[in-house]
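Undergrad: In case you want the letters, here they are:
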Amino acid sequence: MLTVLFMATCATEEPQKEETPELITKATLTFTPSGGGAQVVVTATDPDGEGVQNITVDGPINLPPNTTFTLAIELLNGLVDVGQPGYDITAEVEEEGQEHQFFFAWTNDVFANPAGNGNLDKGSDPVDYSGASNSKDIGGLNLGITTTWTSAASTLSGTFRVVLKHQPGTKTPVSDATVGETDLDITFTINVQ
Amino acid sequence: MLTRQNCTFLISPSRYSQSRYLPASFSPQPVDRSGGRPRLVKRERVRLSRRMDSCFFRSSDFYVFQFRSKMRFSACLFLWVFFLPSITGAQQPCAFVLTGRVLSNVGAPLMNAEVIMKGQSRGEVTDESGTFTFDKLCPGEYVLEIRYVGYITQVIRVSTSDTKPLLIALEPEIKSLQEVVIEEKVEKVERTSTYSLLDASDLEKSMGKTLGETLRSLPGVTTIQSGPGIFKPVIHGVHSQRVLILNHGLRQEGQQWGAEHAPEIDPFIASNIAVIKDAAAIKYGTDALGGVIIVNPAPLPERSGLGGTLNTIVQSNGRSGTISGMLEGGLKNLPGWGWRVQGTAKRSGDFNAPDYSLTNTGVRELDFSTAAGYHGGKFGVELFFSHFQSELGILRGSAISNLNDLMTAMEQEPPIGTKDFSYTISEPRQEVIHNLLKLNSHWETEKGEWRFQYGYQSNFRKEFDIRRGALSSKPALDLDLRTHTLELEWESSDKANRQFCFGVNGMYQDNRNVPGTQRIPFIPNYTSFSGGPFAVGKFILNQWTLDIGTRYDVRSYSVIGYDYKNTLYTADLLFHNASFSAGISRNVGTHQTVKLHLGSAWRPPHVAELYSLGTHQSAAAIEYGLLLNDSTNEVMDIKDVPFKIEKAFKVVGTYEYDTERLQLDATVYVNSILNYIYLQPRGVTTNVRGTYPYFRYTQTDALFVGMDVAASWTMSTRFSLEPKLSLLSATDVRNNDYLVFIPSNRLEIGLKYKGAKHNFYIEPKVNLVARQNRAPRVITVREFNDAIASGQDPLGGSSKNFDFMEAPPGYLLAGVAVGYSIPSGSGRFDLRFAIENLLNTSYREYTNRLRYYADDIGRNVSLSAKYVF
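Quick note, the sequences are listed as chains V and D, same order.
Numbers 1 to 193, taken from the working numbering, label the letters of the first sequence in order.
Numbers 194 to 1062, taken from the working numbering, label the letters of the second sequence in order.
If you are wondering where the hints come from, they were derived from the structure by calculation, not from laboratory data.
Note that the Cβ used here is the ideal one computed from N, Cα and C, for glycine as well.
Treat the hints loosely; a few may be bogus.
One side of the interface only, derived from the structure: several residues of chain V facing chain D at Cβ under 8 Å [stated by the list, open to error]:
1) E18
2) V41
3) A44
4) G49
5) E50
6) G51
7) V52
8) D58
9) G139
10) L141
11) E181
12) T182
13) D183
14) I186
Same shape as in the complex, but just chain V (with noise of 0.2 Å):
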């Protein structure tokens, strides 16, 4: 018996390793003032992936006030070797624009500009999908790899958080956060100062 055993140890060969395309580990927020300055960058981490270990996020999110920004999010996958496909996520989601949307959400007015507390809870309130082309997807409707913002007047501080949707044959110019499957949820603390 313990040699049919042993036999089957060796004949087990080493399965493929498989790309995880799905994975997100790092996810970085880069603001970059539009009239020119210092880029503010945080980043949020999730080395183990489906493991138990949480995210971490570091920031806070610094911003002048008064300010005007553009946005740009780049999600990457760390368990994927750089310039590997997979390994930016980023790129993907642009190819796939049309089943995917960033929607935000913040908290204590910390943007002059879109008002409000963004369109995670009511997919109509402001945000403004513009600065770069993979602001939209080909197909004209908001994407949001990259998005413009301009910070509060006053000294504020809050919570800015940013969700990816994933919704295949269901994004339409009034799709909301409600549709689809979250492929990105984190939140940052913001400071306006």
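Let chain V serve as the given structure and place chain D on it in line with the hints.
TA: Below, chain D alone, put in the same frame as chain V:
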């Protein structure tokens, strides 16, 4: 003709032996192995079918008796028979003798016709001149049922005051041999064990339904459901890895670990299905902690000629159509050879709840099987192949990612993504293929019989989730499981009151993830060897019958997979343990039997329970195996984990009462499962997609206590009443908690009206299902989210079980069915019209995993037609 004789009673130990074991019961001759005496071909058929399985729990037992009349000398039968000196009879002048002759419609004597004395534990078979004799009869009236293969069964009433000779002429029945054995009530085999049976007519009632759904009509058997198309059988509260399914005598080996993985079996291949509800099925190996489901085919024909059936079923709910046909025959000039081909095609669109469509719940299925075999006097061989292929949609509204999605999904009705009816099946969906090849043979010797069986099964399961872009067309789970099984056994047949069976079985499995899922595999690849020897003995002493059995099993796993970091790990595991079983049954008077069965079973853990990692189809939960470290997710060595083998001790007591008018079965059971492996909620984890609750496979001690009662009361020649009751309480003893997804108490009451002609019947039925009050605490997703938002532990620091939703309220469903038979040429049409959920009640079943998102299905009108030729 009735004459007087002296007085003793002959009692067979089983209430059921009355009609089927008669030949043996009344044949105290030694086993005839000379073959010198002319026998019907059917005898060989029985032998062949016996081999298909084995020893005492052979599946074929459940149909063998249908042919018992032709196997007067079968050794098996002796075992269930003994003589009992008269107790009650002594006071009565029970000395009448009844003789009669059974003839064909053209006056030829029919040898080996079966004559059953209804309501008595007696029966006889006719001799060469067609003559039968019952002796030692007390004065009074008796009902005789006369059966002969190929002829229509006749029931006559006789009285000890009659004096004229009894001549019974049987009309030939032109249909396939297999059809002849279809009876209103197939009798159970005498056993110390407790089981229920779905016979051909029961199966006819659920034509077009899945195996799990079909089994639901048995007391003590329920299902874990994942929507209207996925049913997993649950016996006495346990399922999946803890229930063995024997398909044509082979352990069905698929990916049974998943609660949404239904058994890959077409119910049309069965001529009957038996469910053993105690842990006694020692000969099939490990895992039968809850019970065994035995799917039995009809025996192959051995005479030339052609027979077959054609079934068509249409159903309003799901707008489904099913067609299933079977053709069988023997070979001219080659007696003993037989063949059969069978196939089923099914298509169903979206089912609907009373108020909305259940989008993406369609089913497509295509199955076929073929069998051929030979059976001579002492030797038989048979080859069987079956192919099962299905594609199943899973409710669109249940496809969720994180907790927020789950909250939205649970709080919306109709479910998200609900569309109008469609036959389209899109993601999330499953594609499953199961192939089964079996070669078996048997060889009869002076003292017993050798049996050999080889089985090969391949199971391919693909699960498609809604994924980013083109990934949706790639399965998220793609498993390829190959299983080889080999069995050899010997069963003695030389002693009437002692029978032994010894054997050994082995299994080799290779389970691989098919590359290309673009996801870290949920379970690793593994190969596994398992097997062991067993011995079973059966002893009969007066009105006592005793069964004892033991086996020892070993299972090894060689595991290779990728962990959360996508780095390779390997492990070699070995599990071994013993199983025992003992049962005793005693007849009390002529109408009552009491049985007690004790069994100890164990099962090796499944690789999924040890190494699972990730989210599983529409679960909105992350699952971690037992061997993953709590905080680092690293795969640990089993030696570093306090793992103990799961063992069950099950005690089942059964009381049976059987008279012509009233049959009653009451079963009480206690199943104590130590080191019970289950998914325990451990907390929440956040990744970039949001927050998820996570569950970890953990061990505890579980206790299942319950009762099943089934009765059939013939109120008059036209009306009968059939109540069935199932009660169950399941608790986590170690944590003083309840377990999730335990079926609630339920009662079914059926009333049947039988017409005088054409098998006409009307069957109204009500099903009462109680609310599950023994459910774990509830933490709604909203509470979960609120707790997380305010920085609290949503589980309140406790790892007690929880559920996201309250158990749904109890419900009552009404239904009615009408049936009718029309003879047509040389064949027959059976028509059945049925309405389920007649009142279109909106309800949710606690054990349906989709109860979080949608109501169960509404009214369903079905029409089925069966043509037999």
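Undergrad: Under 8 Å is the threshold here; is the Cβ of V/D183 close enough to any Cβ of chain D for the hint to stand?
TA: Constraint on V/D183 satisfied, holds at 6 Å.
Undergrad: Using 8 Å as the Cβ threshold, decide whether V/E50 counts as touching chain D.
TA: holds (5 Å)
Undergrad: Hint check: is the beta carbon of V/L141 less than 8 Å from a beta carbon of chain D?
TA: violated (16 Å)
Undergrad: Holds or violated: is the Cβ of V/E181 closer than 8 Å to a Cβ in chain D?
TA: For V/E181, the interface hint holds, since the closest Cβ of chain D sits about 4 Å away, which is under 8 Å.
Undergrad: Min Cβ distance, V/A44 to chain D: is it shorter than 8 Å?
TA: holds (6 Å)
Undergrad: Grab the minimum C-beta distance from V/G49 to chain D and call the hint holds if it beats 8 Å, violated otherwise.
TA: This interface hint holds because 6 Å falls under the 8 Å limit.
Undergrad: Holds or violated: the hint that V/G139 contacts chain D, with Cβ atoms closer than 8 Å.
TA: violated (15 Å)
Undergrad: Restraint: V/V52 near chain D, CB-CB cut 8 Å. Satisfied or not?
TA: Holds, because the Cβ-Cβ distance from V/V52 to chain D comes to roughly 5 Å (cut-off 8 Å).
Undergrad: Does the closest beta carbon of chain D sit nearer than 8 Å to the beta carbon of V/D58?
TA: Check failed: Cβ of V/D58 comes no nearer than 14 Å to chain D, outside 8 Å.
Undergrad: Verify the interface restraint on V/G51: the C-beta must sit less than 8 Å from at least one C-beta of chain D.
TA: Because about 4 Å separates V/G51 from the closest Cβ in chain D, which is inside the 8 Å limit, the hint holds.
Undergrad: With a cut-off of 8 Å, does the beta carbon of V/T182 approach a beta carbon of chain D closely enough for the hint to hold?
TA: holds (4 Å)
Undergrad: Can the hint on V/I186 be confirmed by a CB-to-CB distance to chain D that is less than 8 Å?
TA: With a closest approach of 6 Å, the V/I186 hint holds.
When the structure is compared with the earlier hints, violations turn up for hints 2, 8, 9 and 10 and for no others.
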